[in-house]
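Student: Assemble the whole structure, with the sequences as input and the hints as a guide.
Residues per chain are reported as follows:
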Amino acid sequence: MSLASASAVSGNGRAVTFALFAGIVCVTLGITVWARRHTDGAADFYAGGRAFSGRQNGLALAGDYMSAATFLGISGIIALSGYDGFLYSVGSLVAWLPVLLLVGLMRNAGRFTMADVLAYRPLRRPPVRIAAATSTVMVSVFYLIAQMVGAGALVSLLLGIRPGTSFLGMSAGTAKVMTIVLVGALMMLYVVYGGMKGTTWVQIVKTALLMSGGVLMTVLVLSRFGFDVSHLFGDAARASGKGEAFLEPGLRFGKEIAGHPSQTMAGKLDFVSLALALVLGPAGLPHIVNRFFTVPDARTARTSVNWAIGLIGGFFLMTLALGFGAAALVGHKEIVAQDPAGNAAVPQLARELGQHLAGRVGGNIVLAFVASVAFATILAVVAGLVMASSTSLAHDYFGHVLMLGRPRERQEVAVARFAAVLIGSAAIVLAAFAKNLNVAFLVGLAFAMAASANLPAIVFSLFWRRFNAAGVVAGIYGGLISSIVLVAFSPVVSGKVDAVTGHSLSLFPRGIDFHWFPLENPGLVSIPAGFLCAVAGTLLSREKSDPARFAELSARALTGAGAH
Amino acid sequence: MVTGSCPSPRRGTDPRDRARYMAIAQDEKFVLLRGKFGKRAFLVISVCFGWYLLYVMASIFARDLMDHRLVGHINVALVFGVLQFASTFVIAWRYARYSREVLDPLTAQIVADAAERAGSATPSQTGGGR
Numbered sequence: 001m002s003l004a005s006a007s008a009v010s011g012n013g014r015a016v017t018f019a020l021f022a023g024i025v026c027v028t029l030g031i032t033v034w035a036r037r038h039t040d041g042a043a044d045f046y047a048g049g050r051a052f053s054g055r056q057n058g059l060a061l062a063g064d065y066m067s068a069a070t071f072l073g074i075s076g077i078i079a080l081s082g083y084d085g086f087l088y089s090v091g092s093l094v095a096w097l098p099v100l101l102l103v104g105l106m107r108n109a110g111r112f113t114m115a116d117v118l119a120y121r122p123l124r125r126p127p128v129r130i131a132a133a134t135s136t137v138m139v140s141v142f143y144l145i146a147q148m149v150g151a152g153a154l155v156s157l158l159l160g161i162r163p164g165t166s167f168l169g170m171s172a173g174t175a176k177v178m179t180i181v182l183v184g185a186l187m188m189l190y191v192v193y194g195g196m197k198g199t200t201w202v203q204i205v206k207t208a209l210l211m212s213g214g215v216l217m218t219v220l221v222l223s224r225f226g227f228d229v230s231h232l233f234g235d236a237a238r239a240s241g242k243g244e245a246f247l248e249p250g251l252r253f254g255k256e257i258a259g260h261p262s263q264t265m266a267g268k269l270d271f272v273s274l275a276l277a278l279v280l281g282p283a284g285l286p287h288i289v290n291r292f293f294t295v296p297d298a299r300t301a302r303t304s305v306n307w308a309i310g311l312i313g314g315f316f317l318m319t320l321a322l323g324f325g326a327a328a329l330v331g332h333k334e335i336v337a338q339d340p341a342g343n344a345a346v347p348q349l350a351r352e353l354g355q356h357l358a359g360r361v362g363g364n365i366v367l368a369f370v371a372s373v374a375f376a377t378i379l380a381v382v383a384g385l386v387m388a389s390s391t392s393l394a395h396d397y398f399g400h401v402l403m404l405g406r407p408r409e410r411q412e413v414a415v416a417r418f419a420a421v422l423i424g425s426a427a428i429v430l431a432a433f434a435k436n437l438n439v440a441f442l443v444g445l446a447f448a449m450a451a452s453a454n455l456p457a458i459v460f461s462l463f464w465r466r467f468n469a470a471g472v473v474a475g476i477y478g479g480l481i482s483s484i485v486l487v488a489f490s491p492v493v494s495g496k497v498d499a500v501t502g503h504s505l506s507l508f509p510r511g512i513d514f515h516w517f518p519l520e521n522p523g524l525v526s527i528p529a530g531f532l533c534a535v536a537g538t539l540l541s542r543e544k545s546d547p548a549r550f551a552e553l554s555a556r557a558l559t560g561a562g563a564h
Numbered sequence: 001m002v003t004g005s006c007p008s009p010r011r012g013t014d015p016r017d018r019a020r021y022m023a024i025a026q027d028e029k030f031v032l033l034r035g036k037f038g039k040r041a042f043l044v045i046s047v048c049f050g051w052y053l054l055y056v057m058a059s060i061f062a063r064d065l066m067d068h069r070l071v072g073h074i075n076v077a078l079v080f081g082v083l084q085f086a087s088t089f090v091i092a093w094r095y096a097r098y099s100r101e102v103l104d105p106l107t108a109q110i111v112a113d114a115a116e117r118a119g120s121a122t123p124s125q126t127g128g129g130r
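Chains as they are written, first to last, in our numbering: chain A, 1 to 564; chain B, 1 to 130.
EDC-like cross-link-like pairs, simulated, lysine to aspartate or glutamate; straight-line CA separation at most 16 Å:
| hint | chain 1 | residue 1 | chain 2 | residue 2 |
| --- | --- | --- | --- | --- |
| 1 | B | Lys-29 | B | Asp-113 |
| 2 | A | Lys-255 | B | Asp-67 |
| 3 | B | Lys-29 | B | Asp-104 |
| 4 | A | Lys-242 | B | Asp-67 |
| 5 | B | Lys-29 | B | Glu-116 |
| 6 | A | Lys-496 | A | Asp-513 |
| 7 | A | Lys-255 | B | Asp-64 |
| 8 | A | Lys-268 | A | Glu-256 |
| 9 | B | Lys-36 | B | Asp-104 |
Distance windows between CB atoms, simulated:
| hint | chain 1 | residue 1 | chain 2 | residue 2 | range |
| --- | --- | --- | --- | --- | --- |
| 10 | B | Glu-116 | A | Ser-425 | 51 to 59 Å |
| 11 | A | Ala-185 | B | Ala-62 | 49 to 57 Å |
| 12 | B | Val-102 | A | Gly-362 | 49 to 57 Å |
Hint data in this document are derived by calculation from the structure and do not stem from the laboratory.
Values in this document were obtained by computation on a predicted structure and should not be read as measured data.
For each residue, glycine too, the CB sits at the ideal point set by N, CA and C.
Tutor: What follows is the structure, given as structure tokens:
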């Protein structure tokens, strides 16, 4: 464990990492150029020509879902808080069963976006399209900003750029901004030129890299413990300094705070709230939903979700080995020294594993490989998010609201490309401004918004005979507003202070405190609120729902007759 | 906005398609399909949510149980968590099999019957288009 220096990479290692990063950029740009030649018309641009196989789309779905935050973040939580990181991955996997139930219906009923399904029944459609586009863009952009700010920090970490040092003549802060700009420029290129075909292939390549990186490291970790899992856990518990508690729930979520029963209870409810958003969010995440339309039919869509479940489940099981392996082999002190949030745990583990195999050179090579996997993950996920929001802006807002559903196809695709540039640039600027802020909560907010705003609208559109336009609109805005308001007045935005160091753990600095909502995750309140608003909107409006259109939608969704 | 009469790029609003969907919706076999799907979906959702909720609640309210060590350093919490993975895989696999063996053949029949009723009109395929 000669990882005394705080730097993750140095010298030759950095050159290897750089070369691999450049390789990934070249391969993905090659894919984009190829995809541009084979993209012609809306079905190609929005849905990759609907020609992907179940396995291909499954790989891409898994890729869209497993961000760098998942790969490095969940392993890092396990490395620092032990078992509780695993609680996170269980919820993230179970979430795919509701997706499996909905995927066939959505595929049959929709064309390119979630709004195609929501706007099928109502007579007044423009407000439905506007609400759906608003929600899609907000969920995607919040998620995107969190990913891009994370990318700035991560790439700096992976290249070993620390505050106070310079890199290629740039200060650490400038290097962070440059990373954000570079990642943003690449993601715009993928979407503008490659469309859904390009971004899907980029996802497939990334998932293949991610899975092979995971398998490689898992085997290396387990081999260090004679493939005895109990031995690994024992060593991890000992090295963590927390003993057996490290292997038990309660170090991070729902902590017991002695003498503060109300705070303890709030912590426990907060975890229930997180669990709800984790399980119900994915079925409403636009960049996941849009992926349902890239396959020829409902059956293939189901197959692709089954592939995704297998891949994601397999990967989450591997994060157990990675997280506990990092705790055992790298050690708590080293991990925290590099990054207090634990995001560097996996890269540090990679170096340690390689070093054990083949000395310093081996360490640098395995580290460089893992760093490039993380880099590919970042690029693919941000591209998927820009794809989802620009599709919705062009198809739902421009095509169906501004042009009343009668745009020329080429016009709509051109607007989608322009929207990608617009959203990408906005995200770059916002991420550059937020680069030093703690914006990790935006991911949780995006999940909560997806579950509170989109899920009620989708479920009621498919299954509730009386549901109408007012219900869709009330449900979407009610869910969005309740999630945002609750988060704005929660401890993640203001008023959370580290008891030991006295530093602010919120978005706002210490001293500013306007929080009144005790939970960090809004789901427990906002998800029921979204469903209630949808019901209330439906019942309070005088609008009649058309039973014939409900019958048509059911027939279409269940049988796929006349699906696109 | 008046639906149905305005020219829309969505094939779903074509009056001929609408008539076909209505015919399907009134088909006895379709009612059967909807019932079977509904029952199965309800079963999947209640089993997976119930089982997951039990796990979440145990993790925060029944910690003594979760901390109980079984073999070496392997405790109940870990086994419970891995079981959640196993149950997710099994439920997904069983649902896929049920769809393939029960729902898909029924769907194919419904679509074929609809095509027959439509007579010489262009027959459609299961799951549709491109």
